[in-house]
Amino acid sequence: MVLQARNLTVSMQVNGEQIDVLRDVSFDLQPGKVLGLVGESGAGKSMIGRVISRNLPKQFAVTNGSLVFEGRDIIHGADTLLASLLGKRIAFVPQEPLTALNPLMTIAQQFGEHLDRNGVAHAHQLEWMINALQEVRLLDPKRVLSSYPFQLSGGMCQRVLIAMAFISQPALVVADEPTTALDVSTQATIVQIIRRLQKDHGTALLFITHDLRLAAHVCDHILVLYAGEVVERGPARAISKDPQHPYTRALQAANPSLDGPLTRLPSLPDNMPGISGFSAIKGCRFGPRCPVGDSICCNAVPQLREIAPGHWVRCSPACQHAEPSTAPLIEHAAIRDNGAVILNATGLSKHYESPRNWLGRRDGPGLHAVRPMDFTVRAGEFVGVVGESGSGKSTLARLLMGLEKPSTGQISLDGRDITDTSQQTTQLRLDTLQMVFQDPQSALNPRRSVEDLVTQVMESHLKAVTPEARRQRAQDLLRETGLSPELIHRYPSQLSGGQKQRVNIARALCVTPRLLIADEIVSGLDVSVQAQILNLLLDLKAQRQIALVFISHDLSVVRYLCSSMVVMRHGKVVEQGPTEQIFSNPQHAYTKALFAAAPPADLDCVWPPEQTSL
Amino acid sequence: MIRRSPRSAAAWQRCLSSPRVMAGAAIILILIIVAIAAPWLSPHDPQDQDLLSVLLPPFWMADADPRYPLGTDTLGRCILSRLVYGTRIALYVAGLAASGAMIIGTVLAILAGYFGGKIDWLISRAVDIWMAFPPVVLALILLVGLGAGVNKVILAIVLIDWTRFCRVIRSEVLVTMTLDYIPAARLLGFSHQQIMLKEILPAVTPLIITMLSIEMGIAVIVEAIMSFVGMSVESNVPAWGVMIADARTTMHQAPWSVVFPIGAIFMTVLAFNLLGDGLRRALDGRLVQRNG
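For the protein sequence lines, the chains are L and C, in the order given.
Under the numbering used here, think of the first position of the first sequence as 1, with each following residue one higher.
Under the numbering used here, think of the first position of the second sequence as 1, with each following residue one higher.
Where hints are given, some of them may not hold.
To be verified - Restraint ranges, calculated between C-beta atoms of paired labels, are given here:
# : chain 1 : residue 1 : chain 2 : residue 2 : range
1 : C       : Ile-119   : L       : Arg-117   : 46 to 54 Å
2 : L       : Gln-423   : C       : Leu-122   : 51 to 59 Å
3 : L       : Gly-119   : C       : Arg-281   : 40 to 48 Å
4 : C       : Leu-122   : L       : Asp-417   : 46 to 54 Å
It is worth saying that the hints were derived from the structure and are not from the lab.
Backbone N, C-alpha and C fix where the C-beta goes; we use that ideal spot for every residue, glycine too.
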């Protein structure tokens with residue numbers, strides 16, 4: 001047994017009150033096996049990694065249970081014991097590879113330090129490093145070693161960290177969301193490298209992720225966490241084929257699929273309670289959101305029951321078998337050729353000049369953020385723009401919105417030219433076009449109340465608006481975006497992530513635009529909240545006949561929402577057309593690679609594929 | 001009913017529970033009361049000379065005269081009364097000079113940070129050049145040009161110290177400009193002026209308040225220096241710097257006549273700095289601290 005947890009409980013002290021942020025967690029991790037910890041943000045999944053590294057935040061402490069690594073108690077053991085294990089017998093692969101490496105040291109220096117700690121003689125270090133980097137398929141190890149972290153891509157840094165983690169032949173590797181901060185196309189490669197090294201070395205892997213589908217492909221066993229509680233535990237295949245707990249089911253259903261018929265995503269109400277809300281829930285912590293829960297669950301915490309060998313569920317028998325009603329099908333009507341064109345861009349491009357040096361010359365060729373492209377949005381049409389970071393998709397949004405001046409090309413709105421960014425065209429845009437920004441945290445002024453935020457546009461109009469009219473409008477908008485009108489007096493810091501994103505959308509809807517431009521608006525959200533927002537967008541389409549340019553890196557979400565799509569790479573459009581056509585028959589190699597990078601819903605598919613190359 | 005955003009409510013709470021803020025504010029409040037109530041608090045007219053009782057010691061020493069609790073100076077003027085009236089000059093200069101520097105500095109900082117480009121370049125270079133002059137020399141040059149007088153001192157402080165505000169607030173504006181709510185406001189049809197006043201100004205207000213408090217302490221010191229060298233108030237107006245200058249010659253016989261005005265300056269500056277430092281911690285500004 002590599003790692004064994006028994007009734008592990010981590011608590012937080014708040015005003016003398018003890019709140020369990022991780023309750024009664026038990027699991028076994030055998031050598032050479034992969035255990036997945038799956039849960040949304042705030043579920044407590046990272047807490048276990050922090051217990052292992054003794055890196056719990058202040059006020060948090062292990063209050064009950066045990067965590068044993070190879071027969072040694074790592075909760076009560078001496079600090080020296082832990083120091084002798086970390087980085088040697090236990091290794092970590094972090095979430096943010098770029099911040100995990102020291103920007104002032106070359107890879108060789110950092111790797112060398114790590115080898116020093118592991119007692120590798122200086123004479124052999126170079127050889128070790130080159131071998132290790134070749135194992136993670138870095139093609140030019142010498143160049144990588146002499147580079148600084150910022151000279152490498154996120155994926156390359158992550159590979160270096162994986163190589164470092166495995167170099168000491170550890171018994172346990174803890175990988176906390178190792179692919180979340182990376183581009184989609186690298187996800188498959190990174191997962192594949194971790195898997196192969198783990199198999200070759202017989203290492204046990206603790207794989208922490210929010211993505212149930214990814215976990216199903218990577219892990220042998222899965223632990224699903226909700227609000228600090230294990231709701232389901234068992235073999236990965238069993239859980240993803242036939243999830244038993246209502247939460248696991250909801251989690252799986254909330255993820256739009258990449259193939260098959262499109263059905264409306266069932267979405268859970270509200271969102272996971274925060275730590276301060278835990279103590280108010282007496283029974284099952286999922287109770288308040290459970291679609292099938294009854295009064296029994298809400299009053300007593302259900303025990304884990306073994307429903308099949310090794311498959312445990314924390315739910316009463318009554319709840320577990322109640323099937324949610326089947327969801328209605330979604331039809332993306334073919335609007336392609338008959339709707340009126342709202343927005344049309346031809347030959348649109350953006351080139352950033354490199355700055356002039358002191359002689360007035362330009363040092364480099366600059367950056368082609370967007371190469372000349374044509375782009376059309378028709379009334380009521382949802383267009384997806386897919387690409388990775390640096391593909392120019394956000395620049396495209398800023399060009400369409402008039403936040404940047406295009407280098408070449410024309411943009412017209414309802415047939416009127418709005419290419420320049422003058423006062424007049426801004427006014428033209430304002431009535432038709434609105435933008436929803438990616439991160440509501442930064443897009444909502446923390447000093448404005450929800451009422452002031454959603455009706456902010458009314459402040460800019462010259463004609464006076466009465467406070468009553470403004471309040472009325474704010475309440476209407478909140479209702480339309482599925483928020484309680486009582487929230488008008490709240491401030492962004494008092495809202496959850498999903499609520500903030502709804503406010504963000506409501507603000508853009510205030511002018512009744514006919515076209516919304518949404519830049520990665522669901523990428524920062526948990527899947528269950530993402531489903532709520534996606535459904536909200538579909539409802540808006542049905543009610544308002546609104547059109548949408550939906551920028552995303554997530555193919556499944558684009559398929560769920562959009563009838564046509566554009567795939568961008570390095571500022572260039574590589575493929576463009578109706579969504580179904582591209583999904584069923586991708587033409588460009590890059591599009592194909594993007595598809596290969598997403599874990600399929602079908603568990604019998606071998607994923608990640610043995611060779612993924614870009 | 002006034003609704004306060006949770007952010008400002010929390011900041012308010014932190015201010016109230018901060019010993020620095022409370023101590024600083026308490027001293028400043030006392031100083032303000034003293035300044036307003038000067039005619040009632042002072043036992044004598046600050047200019048009345050009593051040449052029969054010069055250089056009297058304060059009350060706890062032998063030979064003290066109960067009519068002069070803190071003693072008298074070389075001309076037999078009541079030190080307590082002069083100290084009390086000196087508070088008026090100190091607070092007058094602190095309030096006006098710091099506010100003036102704040103207004104000029106903040107306006108230019110927001111313009112520079114918001115518009116960027118050439119405007120930013122011009123303003124930032126002006127600040128750089130301005131700051132390259134040693135402030136005391138610059139003040140003396142200005143006062144020689146403008147002539148002496150307390151209002152000239154205020155003008156000099158404003159003209160010198162607006163750069164301090166400008167530089168620090170500009171960087172805070174730049175941080176705010178990276179947040180998406182600024183382009184969002186543009187897309188909602190806000191004019192430049194509206195964005196600057198409604199979105200950016202509130203974001204930098206905590207920093208402005210903090211800096212204002214510290215600048216007031218600086219202004220008190222500068223005024224004291226200027227009145228010490230006779231560039232500020234006329235010689236018949238009681239000010240702490242004037243008192244030090246007057247007592248300088250008899251420092252060895254009557255040290256208290258120097259100690260009291262120095263103590264008053266010390267307490268005032270300490271109070272403003274405590275308040276400013278406490279506010280900085282409570283309002284979480286990224287203040288680049290410079291002590292002048």
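Outcome of the hint check:
{"no.": "1", "hint": "C:Ile-119 / L:Arg-117: 46 to 54 Å", "result": "holds, 53 Å"}
{"no.": "2", "hint": "L:Gln-423 / C:Leu-122: 51 to 59 Å", "result": "violated, 24 Å"}
{"no.": "3", "hint": "L:Gly-119 / C:Arg-281: 40 to 48 Å", "result": "holds, 46 Å"}
{"no.": "4", "hint": "C:Leu-122 / L:Asp-417: 46 to 54 Å", "result": "violated, 34 Å"}
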